[in-house]
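Student: Residue 60 in numbering that gives the first Met the number 0 is what sits at position 61 of the sequence shown, and the numbering runs on without skipping anything.
No wet-lab data here; the hints were simulated from the structure. Don't take every hint at face value.
For lysine to aspartate or glutamate, the following DMTMM-like pairs were computed, each having C-alpha atoms within a straight-line distance of at most 25 Å [said to hold, decoys possible]:
1) Lys26 <-> Glu48
2) Lys59 <-> Glu25
3) Lys59 <-> Glu74
4) Lys24 <-> Asp5
5) Lys58 <-> Glu47
6) Lys58 <-> Glu76
7) Lys1 <-> Glu25
8) Lys58 <-> Glu89
9) Lys103 <-> Glu89
10) Lys103 <-> Glu19
11) Lys59 <-> Glu47
12) Lys58 <-> Glu85
13) Lys59 <-> Glu98
14) Lys26 <-> Glu12
15) Lys103 <-> Asp41
16) Lys16 <-> Asp5
17) Lys103 <-> Asp62
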Amino acid sequence: MKEPLDFLIEELEALSKIEEFGSIKEKAEHIGLMNRYETAIDRLRICEEFEITGGSIVKKLPDNGIHFLYRVVCENESSNPENWSEVLFENREFLLEAEDLVIKR
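Modelling step: build the complete structure from the supplied sequences, incorporating the hints.
Tutor: Structure follows, in structure tokens:
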């Protein structure tokens, strides 16, 4: 049995070889289908790279106000926020906004 990513790539390659269409509408629909395959391939690659599965929890951050930002912190085994430290990504702060996604694998 083929891996899903390999299957999608083969299907996209087959679609890309089609060059003749009966109408402009048919060609537009074909291009739209190819775009959907490309999007699916990109998404599946991200899921594989970061080990996101059907059992992963995906949540959207709530919108609590127009200028509300979220930060990622390490609690340092303390319930006291004064002991927490901000997690840096590539030595930079990483601010999240309303409706950004949080994924737990």
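Student: Starting from the hint list further up, note which numbers the structure goes against and sort them upward.
Tutor: 1, 2, 4, 7 and 10
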